[in-house]
Amino acid sequence: MTERNMPELIRQYRELKPKVERLRGNLVAALEDMIAQKNVPIFTIESRIKDENSLLEKISRKGYEAQIENIDDLCGIRVICYYQTDIVITCKLIDDEFDIVSKEDKQDELDDNQFGYRSFHYVVKLKSEWLTHPAARGLDGLKAEIQVRTMLMHTWSAISHKLLYKRASDVPPQLRRKLNRLSALIELADEQFDAIKDMKIEYKNDFSRSNQDFSNLDELNSDSLLALRDRYFNKRNYNDEDIPSLLEDIREAGFTLKELIENIEHAIPILNGMEVEEADCADSELPMWGFSGVIRTILDLTSDDFYHSREHTLPDYVRASRDKYRQVLNSQI
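For the record, in the sequence shown the residue sitting at position 142 is 142 according to full-length UniProt numbering, with numbers rising by one throughout.
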């Protein structure tokens, strides 16, 4: 492209920009919704539309015909996952839900002795059925680039970009060996995080399915606590961020894992009636308690120290209910 054509292309881009911004919004919203429906936890979804300086630099570097439609990454989306297995799910969603113009695995471009990162790059368009939706009207033919990578892949990409090492040939020979080793470590770390996640799931599933008694050697931790939720309270919602403080409350109450299980089984017969009474007093819908709430209720019922440390913070109707059911539970001992 000649410099003479540059102003025309920028004019085209300025006219197209509102549509590119709408495309970005549609893609981010769609990806967030689809990934959430698959219960895949992701770190973040980044997005941008290309600024004019970057556009001019790319045109000068690569040389495009004077048509803005020839540029694939006016809209860019990056999905950053925690695990490699989540990449597989996310890539399948992209394959199924968008018209794929092109796709590539960046690692396929590397020889065995080259360093780099694994990142999946797509160029996509919206499917025709999407274009009937009011928010997507007029976006036919527009393309966007979607990248999918793990957090560790993203870290490697960001640091190597900062070092100005985009490809192996850019690296001084004396540094190449160190970067090759580091790249291998990052790849190994990604694999090990996947393995640890699988072990965690297997441990939790084995625990929640087991009917055996647990000895004092069984450790109270986030995995065993969530296994208890699956075993006794699988209809109760929970927030990952509340688990550490819930563990701290259980430990402050002085309970081992075995003692917590015994207290849960002792309290379960009265919990439903107690929750109904408290919900009536609060004019609240059932279920009133999430997983953390039901465990703290059990601590109120079974630990004097825990209950007395916080009873002054509880509403009057809750305090009256806890006092009543503490007596009921104690009478059954």
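Read the hints as simulated data drawn from the structure, not as lab findings. Just so we're clear, the structure is a prediction, and the values are computed from it rather than from any experiment. A hint or two may mislead.
Taking lysine-lysine pairs in the BS3-like style, the calculated list, with each CA pair at most 25 angstroms apart, reads [claimed, not checked]:
#	residue 1	residue 2
1	K178	K38
2	K50	K125
3	K204	K178
4	K92	K127
5	K197	K58
6	K58	K19
7	K50	K103
8	K162	K200
9	K38	K58
10	K125	K162
11	K197	K38
12	K162	K204
13	K162	K197
14	K162	K38
15	K19	K50
16	K58	K103
17	K103	K92
18	K258	K235
19	K19	K162
20	K258	K38
21	K125	K204
22	K92	K58
23	K162	K178
24	K50	K17
25	K38	K200
26	K200	K103
27	K197	K92
To see whether the hints hold, each was checked on the structure:
{"no.": "1", "hint": "K178 <-> K38", "verdict": "violated, 39 angstroms"}
{"no.": "2", "hint": "K50 <-> K125", "verdict": "holds, 17 angstroms"}
{"no.": "3", "hint": "K204 <-> K178", "verdict": "violated, 39 angstroms"}
{"no.": "4", "hint": "K92 <-> K127", "verdict": "holds, 15 angstroms"}
{"no.": "5", "hint": "K197 <-> K58", "verdict": "violated, 40 angstroms"}
{"no.": "6", "hint": "K58 <-> K19", "verdict": "holds, 21 angstroms"}
{"no.": "7", "hint": "K50 <-> K103", "verdict": "holds, 20 angstroms"}
{"no.": "8", "hint": "K162 <-> K200", "verdict": "violated, 35 angstroms"}
{"no.": "9", "hint": "K38 <-> K58", "verdict": "violated, 36 angstroms"}
{"no.": "10", "hint": "K125 <-> K162", "verdict": "violated, 31 angstroms"}
{"no.": "11", "hint": "K197 <-> K38", "verdict": "holds, 17 angstroms"}
{"no.": "12", "hint": "K162 <-> K204", "verdict": "violated, 40 angstroms"}
{"no.": "13", "hint": "K162 <-> K197", "verdict": "violated, 30 angstroms"}
{"no.": "14", "hint": "K162 <-> K38", "verdict": "violated, 34 angstroms"}
{"no.": "15", "hint": "K19 <-> K50", "verdict": "holds, 13 angstroms"}
{"no.": "16", "hint": "K58 <-> K103", "verdict": "holds, 20 angstroms"}
{"no.": "17", "hint": "K103 <-> K92", "verdict": "holds, 12 angstroms"}
{"no.": "18", "hint": "K258 <-> K235", "verdict": "holds, 22 angstroms"}
{"no.": "19", "hint": "K19 <-> K162", "verdict": "violated, 32 angstroms"}
{"no.": "20", "hint": "K258 <-> K38", "verdict": "violated, 34 angstroms"}
{"no.": "21", "hint": "K125 <-> K204", "verdict": "violated, 41 angstroms"}
{"no.": "22", "hint": "K92 <-> K58", "verdict": "violated, 30 angstroms"}
{"no.": "23", "hint": "K162 <-> K178", "verdict": "holds, 16 angstroms"}
{"no.": "24", "hint": "K50 <-> K17", "verdict": "holds, 9 angstroms"}
{"no.": "25", "hint": "K38 <-> K200", "verdict": "holds, 19 angstroms"}
{"no.": "26", "hint": "K200 <-> K103", "verdict": "violated, 33 angstroms"}
{"no.": "27", "hint": "K197 <-> K92", "verdict": "holds, 21 angstroms"}
Hint violations for this structure: numbers 1, 3, 5, 8, 9, 10, 12, 13, 14, 19, 20, 21, 22, 26, all remaining hints satisfied.
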